[in-house]
Amino acid sequence: MVRKTRLLAVVLSLVLVATLVVTGCAQQKPEEKKPAEQPKKEETIRIAHMAPLTGSAASYGYYMINAAKMAVEEINAAGGINGKKIEYFEIDETSNSAQAVEACKKAISLNPVAMLGPNRSGGVLAAEYLWKEAKIPTITDGTSAETTKKGNPYTFRMQVASEYWMPILAKTAVERFKVKKPAIIYGLNDYSKANYLAIVPAFEKYGLKPVTVQTFNDGDQDFTAQLLAAKKAGADSLFIFSYTPEIGKMLKQRAELGMSKIPVFAERAASVPDVEKLAGSENYEGLVTSTTWCTGDPDPKKQEFLKKYESKYGHTISATHVNHYDSIYILADIIKRVGTDREKIREELSKLDYQGVLGHYVCDKEGNLMHWMHTQVRQGGKWVLLDTEEYPVQR
Amino acid sequence: MRLGNFLRKNALAVIALVLVIFPLTSPPDYQFYIVERSLQNAILAIGLVILLGYTGPLSLGHAGLLATGAYTYGILATKAHWPLWLAFLAAPVVAGVIGLALGFPSLRLKGPFLMVVTIAFGEIVRIVALNEEELTGGPYGLQGIPRLINNDLGVYYLMVAATMLVAIATLRLHRSRIGLALLSIKEDPLVTGVMGVDVSNYKVMAFVLSAALAGLSGAFFAMLTRYLNPDSFTILDSATYLLMVVLGGMDSVVGAILASGVVTALPEILRFMERARLLVYAIILLLVIWGPSTGVYKKLEDRFGRKSVVAPGVKLVDRG
Chain A
0 MVRKTRLLAV
10 VLSLVLVATL
20 VVTGCAQQKP
30 EEKKPAEQPK
40 KEETIRIAHM
50 APLTGSAASY
60 GYYMINAAKM
70 AVEEINAAGG
80 INGKKIEYFE
90 IDETSNSAQA
100 VEACKKAISL
110 NPVAMLGPNR
120 SGGVLAAEYL
130 WKEAKIPTIT
140 DGTSAETTKK
150 GNPYTFRMQV
160 ASEYWMPILA
170 KTAVERFKVK
180 KPAIIYGLND
190 YSKANYLAIV
200 PAFEKYGLKP
210 VTVQTFNDGD
220 QDFTAQLLAA
230 KKAGADSLFI
240 FSYTPEIGKM
250 LKQRAELGMS
260 KIPVFAERAA
270 SVPDVEKLAG
280 SENYEGLVTS
290 TTWCTGDPDP
300 KKQEFLKKYE
310 SKYGHTISAT
320 HVNHYDSIYI
330 LADIIKRVGT
340 DREKIREELS
350 KLDYQGVLGH
360 YVCDKEGNLM
370 HWMHTQVRQG
380 GKWVLLDTEE
390 YPVQR
Chain B
0 MRLGNFLRKN
10 ALAVIALVLV
20 IFPLTSPPDY
30 QFYIVERSLQ
40 NAILAIGLVI
50 LLGYTGPLSL
60 GHAGLLATGA
70 YTYGILATKA
80 HWPLWLAFLA
90 APVVAGVIGL
100 ALGFPSLRLK
110 GPFLMVVTIA
120 FGEIVRIVAL
130 NEEELTGGPY
140 GLQGIPRLIN
150 NDLGVYYLMV
160 AATMLVAIAT
170 LRLHRSRIGL
180 ALLSIKEDPL
190 VTGVMGVDVS
200 NYKVMAFVLS
210 AALAGLSGAF
220 FAMLTRYLNP
230 DSFTILDSAT
240 YLLMVVLGGM
250 DSVVGAILAS
260 GVVTALPEIL
270 RFMERARLLV
280 YAIILLLVIW
290 GPSTGVYKKL
300 EDRFGRKSVV
310 APGVKLVDRG
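Chains as they are written, first to last, in numbering that gives the first Met the number 0: chain A, 0 to 394; chain B, 0 to 319.
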């Protein structure tokens, strides 16, 4: 036994040394990766959706999946695409970047014509090389501006980059709410940090500077220190950037500290219905957020979608998490025209100009598909539309 | 019985053989990656066997050591542009040095108190990684980490070789004078000290060895994901590593390797259950661990009639 293991140890050491020597001398040479096999003449069209079904973002993963599924069911009920049904796969990426790599490998192994997700920018950044190597067009979420700046032609984004979420929020705050002394509280994660970095220059345009900037770690439960620091600094408004659970608790603690009169400005994570459950409806009133869709928008097509969704799934919508409904229709429209060749789908996506139910999608040179933003305020248990901005598309 | 006997005697060689042959069956990318992750986890789990299984202290901070190794490799490779093999060697060294620092409180603290220190350590590493943006990329993560060998198979075989070497070295450590000292520290540090063994020295040594292996595992982790984000190094991950060791039978190296495979692959195998998968995963693990504190592999081993042998000819009291 001892002799055998010794022999094994010698052999393995040699292997280890050999690999070290080889890599030490050889230049790094990019590996030729075979693109994932093109789907054969299959009867179905496969689309894989990487979404957070468990983990800290699970609360909105369901909106994304439900919306996409609804589109798939509608298309399949109407006979599919050129007679072929869509086969839709939901893959849990748990909002963790290491897990996103695993989920993406799983998704690619299903041999889809296109993919949706992952949800968070961290996951997109972790996994983007995978769909680049496999040459699969992927419509991601995630609002960090960086994800579409990697020069990856297969990355598209069904979201608006964080740099656009903030100027309009600052505008609404200053012009409609006469904010003069904003305080900022943000969570230490890629998403919230990006929002913080974007709002500071937006304030500068109005000659404003935050009176204090406070941070917290994800998963924190007590925000008294940050809130009191804002109060002490004489803030007349709170700008809170965080994931869903933290902002819910913060809204509640703000009321408990007697700061209900200080208005709160936030972005899409705060417009998820779960925040209202955490904060309590009375503490949710008056919240102002920027959003890609305000459910108070009177547009009949959007209202019809809202009614359809809510009657089908029996819960309120998270308005900024349902655009993959249109993603599915966009893909269906493209596949109908050019077939299931991934390269052609990518090409068509890159010159997209499509009127969907929830908006007008145009692809810019980085692969961003959405180019508009609204602000909304919570009044009487409903969202009311405030300002709207459209951004020029650089193609 | 004969087959069982053969498998028991040559467990490591059989695992090595299977791992070497595995890529030749040209498995899908996805399965291949799961096996890669299992190997990477196994290296850390073996490190925990030295600490928890042999010496006794319980660590819930090993994700922090994993992060130390991963970020050491990642930062040296992407920011400092060190030669990759040097960065690779630096990972276990830096983690080992941190392990040395972590080892000292273990001399004064025991049981739950030490565990709290290790938890705090793990969290501190994660929070430092989150805040030191210049170095770690903070919440944006560290991107574009190059691999020591720029192809999947190369990294894989390097990892197989490393895992097996680590396993053999640990098994030999177990039988050596040092191993005996560690084992007897676990049984009774006071008596061990009276017998003339430098208890502090050996305890710290166990921490350093365990930390260095976590660092090595971290370097492989960085090569596998090619992107590092602090969200991969939470206390939950530390607990998962602990689980691998417990499931493998606490002081069994082969058990730790097999359990790493099971714990890594199970949530992936259960993917067909979609939303219920993590719940089912937890239930399965509970059922498996249920019963005596020894792991499944240990039980199988006992069934085939082996008594724990510390050194040839020396039999320990059965602690089962």
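Warning: the hint list may mix true and false statements.
[Unchecked claim] When the alpha-carbon atoms are kept at most 27 Å apart in a straight line, the in silico DSS-like pairs for lysine-lysine are as follows: (1) A:Lys-381 x A:Lys-83; (2) A:Lys-179 x A:Lys-148; (3) B:Lys-8 x A:Lys-148; (4) A:Lys-208 x A:Lys-301; (5) B:Lys-78 x A:Lys-131; (6) A:Lys-343 x A:Lys-311; (7) A:Lys-149 x B:Lys-78; (8) A:Lys-231 x A:Lys-177; (9) A:Lys-180 x A:Lys-83.
In case anyone wonders, no lab produced these hints; they're calculated from the structure.
These are the hints, each one checked on the structure:
no., hint, in the structure
1, A:Lys-381 x A:Lys-83, "violated, 40 Å"
2, A:Lys-179 x A:Lys-148, "violated, 34 Å"
3, B:Lys-8 x A:Lys-148, "violated, 54 Å"
4, A:Lys-208 x A:Lys-301, "violated, 37 Å"
5, B:Lys-78 x A:Lys-131, "holds, 24 Å"
6, A:Lys-343 x A:Lys-311, "violated, 34 Å"
7, A:Lys-149 x B:Lys-78, "holds, 18 Å"
8, A:Lys-231 x A:Lys-177, "holds, 20 Å"
9, A:Lys-180 x A:Lys-83, "violated, 58 Å"
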